[in-house]
Amino acid sequence: MDQIGRLGIDFYSLIVYFVNFGVIYFFAGKYIVKPLIKNIDTRTKKIQSSLEEANELKKQIEEDQKALKTEKREYSLKLNAQITKIKQELNKEAQE
Numbered sequence: 000m001d002q003i004g005r006l007g008i009d010f011y012s013l014i015v016y017f018v019n020f021g022v023i024y025f026f027a028g029k030y031i032v033k034p035l036i037k038n039i040d041t042r043t044k045k046i047q048s049s050l051e052e053a054n055e056l057k058k059q060i061e062e063d064q065k066a067l068k069t070e071k072r073e074y075s076l077k078l079n080a081q082i083t084k085i086k087q088e089l090n091k092e093a094q095e
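Heads up, the sequence shown is in numbering that gives the first Met the number 0, so the first residue is 0 and it goes up one at a time.
Hints may contain errors.
Each computed EDC-like pair below joins lysine to aspartate or glutamate, with the alpha-carbon atoms no more than 20 Å apart [what the hints assert, rightly or not]:
| no. | residue 1 | residue 2 |
| --- | --- | --- |
| 1 | Lys71 | Glu61 |
| 2 | Lys44 | Glu55 |
| 3 | Lys91 | Glu73 |
| 4 | Lys37 | Glu55 |
| 5 | Lys45 | Glu61 |
| 6 | Lys58 | Asp40 |
| 7 | Lys86 | Glu70 |
| 8 | Lys65 | Glu55 |
| 9 | Lys77 | Glu61 |
Calculated from the structure, these hints are not laboratory results.
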């Protein structure tokens with residue numbers, strides 16, 4: 000103990016420092032770190048669910064676009080068939 004005193008370290012002050020550190024560590028952990036971690040976890044889950052929802056919507060949009068393309072082709076074929084039919088009828092009438 001005497002050697003520690005010669006170095007300028009007070010044993011009782013050292014104990015008080017450790018107690019203060021423990022108290023600050025406890026309260027910081029309980030009232031600062033835990034709420035932050037909880038908040039971060041909540042945000043992470045929310046972001047993850049939003050990304051999953053965005054991926055599902057993207058897939059749905061792609062499927063809808065494919066369906067629209069096939070519908071467009073079908074209507075285009077029907078329209079071309081009607082145009083051809085009308086042209087034939089007009090040619091027939093013109094020949095008569």
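Do the hints match the structure? See the list:
no.: 1; hint: Lys71 <-> Glu61; in the structure: holds, 15 Å
no.: 2; hint: Lys44 <-> Glu55; in the structure: holds, 17 Å
no.: 3; hint: Lys91 <-> Glu73; in the structure: violated, 27 Å
no.: 4; hint: Lys37 <-> Glu55; in the structure: violated, 27 Å
no.: 5; hint: Lys45 <-> Glu61; in the structure: violated, 24 Å
no.: 6; hint: Lys58 <-> Asp40; in the structure: violated, 27 Å
no.: 7; hint: Lys86 <-> Glu70; in the structure: violated, 24 Å
no.: 8; hint: Lys65 <-> Glu55; in the structure: holds, 15 Å
no.: 9; hint: Lys77 <-> Glu61; in the structure: violated, 24 Å
Hint compliance for this structure: hints 3, 4, 5, 6, 7 and 9 are broken, all remaining hints hold.
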